[in-house]
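Those protein sequence lines, which keep their order, are chains A and B.
Numbering-wise (my numbering), the first sequence opens with residue 1224 and increments by one.
Numbering-wise (my numbering), the second sequence opens with residue 9 and increments by one.
Note that these hints are calculated values from the structure, not bench results.
Quick reminder that beta carbons are idealized off the backbone N, C-alpha and C, glycines included.
Take these hints with a grain of salt, some might be off.
[Said to hold, decoys possible] Pair ranges (Cβ atoms, derived):
1. B:110 with A:1371: 27 to 35 Å
2. B:292 with A:1356: 44 to 52 Å
3. B:476 with A:1309: 19 to 27 Å
4. A:1364 with B:301: 54 to 62 Å
5. A:1340 with B:292: 45 to 53 Å
6. B:232 with A:1253: 44 to 52 Å
7. B:255 with A:1356: 27 to 35 Å
8. B:460 with A:1286: 56 to 64 Å
[What the hints assert, rightly or not] With a Cα cut of at most 30 Å, we get these calculated BS3-like pairs of lysine-lysine:
9. B:358 with B:393
10. B:436 with B:393
11. B:256 with B:291
12. B:292 with A:1342
13. B:256 with B:198
14. A:1300 with A:1341
15. B:393 with A:1282
16. B:393 with A:1300
17. B:299 with B:259
18. B:295 with B:110
19. B:259 with B:295
20. B:393 with A:1341
21. B:110 with B:357
22. B:110 with B:358
23. A:1342 with A:1282
24. B:256 with B:110
25. A:1300 with B:292
26. B:259 with B:110
27. A:1297 with B:259
28. B:292 with B:256
29. B:259 with A:1291
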Amino acid sequence: MDPLGKCSCLFFFLLAVYVSIESYRIGLGTLFHAEAGLFPFILGVVLGVLSAICFFTRKIPLGEAFRKTGEIVKGWKIRNSLLVIVMLLGYALLVEKLGFLLCTFGLVFSLFTIAEPKKIRIALVTATFSTLISYVIFQIVLKAHLPRGAFL
Amino acid sequence: MDSIHNLFYGFSIALEPLNLFYCFLGVFIGTLVGVLPGIGPGATMSLLLPFTYHLRPVSSIIMLSGIFMGANYGGSTTSILVNIPGEASSVVTCFDGYMMAKQGRAGPALGISAFGSFIAGTISIFGLVFFAPPLANVALELGPAEYVSLVVLSFTILVYVGRGSMLKALMMASLGLILGCVGLDFLTGKTRFVYGMPVLLDGIGLIPMIMGLFGISEILSNVERILETEIYEKRIRGLLPSRADWGKSIKPILRGTGVGFFLGIIPGIGGIIPTFIDYALEKKISKHPEKFGTGMIEGVAGPESTNNAACQATFIPLFSLGIPPSAVMAIMMGALMIHGLQPSPMMIKKSPDLFWGVVSSMYIANGMLLILNLPLIPLWVRILKVPYSILFPLISLFCMIGTYSMNNNIADVIVMILFGIVGYLLRKFHYEAAPLIMAFVLGPILEVAFRQSLTLSHGNPIVFIQRPVSACFLIVAVFILVLPIFFRRRAHALE
Chain A
1224 MDPLGKCSCL FFFLLAVYVS IESYRIGLGT LFHAEAGLFP FILGVVLGVL SAICFFTRKI
1284 PLGEAFRKTG EIVKGWKIRN SLLVIVMLLG YALLVEKLGF LLCTFGLVFS LFTIAEPKKI
1344 RIALVTATFS TLISYVIFQI VLKAHLPRGA FL
Chain B
9 MDSIHNLFYG FSIALEPLNL FYCFLGVFIG TLVGVLPGIG PGATMSLLLP FTYHLRPVSS
69 IIMLSGIFMG ANYGGSTTSI LVNIPGEASS VVTCFDGYMM AKQGRAGPAL GISAFGSFIA
129 GTISIFGLVF FAPPLANVAL ELGPAEYVSL VVLSFTILVY VGRGSMLKAL MMASLGLILG
189 CVGLDFLTGK TRFVYGMPVL LDGIGLIPMI MGLFGISEIL SNVERILETE IYEKRIRGLL
249 PSRADWGKSI KPILRGTGVG FFLGIIPGIG GIIPTFIDYA LEKKISKHPE KFGTGMIEGV
309 AGPESTNNAA CQATFIPLFS LGIPPSAVMA IMMGALMIHG LQPSPMMIKK SPDLFWGVVS
369 SMYIANGMLL ILNLPLIPLW VRILKVPYSI LFPLISLFCM IGTYSMNNNI ADVIVMILFG
429 IVGYLLRKFH YEAAPLIMAF VLGPILEVAF RQSLTLSHGN PIVFIQRPVS ACFLIVAVFI
489 LVLPIFFRRR AHALE
């Protein structure tokens, strides 16, 4: 049945159509004088054909596939993963404004508390040590020029 | 004789104090990584890639090779003590290794695994020395059309032996090739799929992509359920196998070396498939096949030797053909390209210090790993007890800083996180990232060869079939693609 496969194949088919149209717009040229768009166009067509085969070999109606996929997705335990993504993105957006030390401490502390929410003391100690050690390794030893922050 | 002289030349490079240090650092970190379930050699190599910027190319590849070999060695420790493979190619070791540990024979299991890996690695390195240069000479005769067909064949083998659906693996390979097109076209200078974003002008960064797909996505998967693992707690005694153990193991070690080496050379096979094949072979040959899975030392000696032999053999296609046979070798290829070196059949002639230095250092690394693995087992057992709740924040931090430090550009970090999400979703929807990575690395090279072929043939696409070697590669590729359909029809007919 594979409802996940059905939905993902549809996504890749639409992606393939987009890539093909975009490549055509860039310009295909001829086989002798290939333009920049020829190779990605061929790949788009190949991906489209493969995803179409994948789509039609899944013998489940599309509506049912969407419904079952929704049920499966609801059953995923992604709370921790989503929190990690938010924290990593937050770190990326703030590190150049607030500086390496503060953001790194905050990141390690928050990531640790995702898995062990009650062990605050261990989180504080781990975050402090990690920040200091990574600062020494990257800034001093490897001379990586870490962001100091807009306020320093 | 030339190869022997070149090998001595290589030793003169590998034995430089700095290179010895990086070799040791690589094998130590690799073993540490191999011991820890949750982060594989691919993720570790991608984490450390930015730091190899500052090293010479030879030192960089020596260190990365050490990590790769160390991870293979270290993976067996977790398989035997915890029944969780430290990395994918140690899965088979769990079957009998853990049972031996439960019977109080963890020491001989760990010992024979280390010695078997050393013997296999030593023999395989000589195979590398004698096979790679002649293969490179043959590869020099290949033109652009043959190269395109060989890459297509490599992808086909990779998707055929992959764990999941062949169709999905081919889709991932196509996607990887498409992602490789992002950026400036090398010939016309036109931008493709850039949409005004400066960060994409040079294409998607290899390191952010690999770190995202391997490192971040692995963290996102593992952090869903942080499991407690049951670790073998008893004192480990008697690491040196007895005479009886050696008597039972020596032939499986030699057979495993042969299986691993010759299968490891084939692009696409990697390290996992040969270990399963070897285990099945040992079971078939054994006088007591019913005892496999209950603690047979042959079930540890053979697959571990196969694993290590395949690990060495995967360097051959990379160095002699310029084709990475696995995702991990694709990372190695990325490392070479970062240092301005283009893996190709000419590489052995143009950069002999790199090739022979790395080959010699692999032999030294084998010795270091034997010394590291046996006495440091109590240390590895302690490290196994470090909770994942402490490990994953540190791994995440390394990913972030490592990516940022490449260009001091936060856009690279955001690209890494986005690919981490992509990799996570790919896992959820049962797609493999390995074909995507391989295709991404090979894509630009494939496109150059493809366009060269068409230009040389005045736009005639039949050139790929007209040239006999190219035609052979394509016929084999089609045969491999058609094979599963044939088997399925035959199975239906038999039912």
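- Task: Against the structure, test the hints numbered earlier, and report the numbers of the ones violated in rising order.
- Result: Result: hints 1, 3, 4, 7, 8, 9, 12, 13, 15, 21, 22, 23, 25, 27, 29 break, sorted rising.
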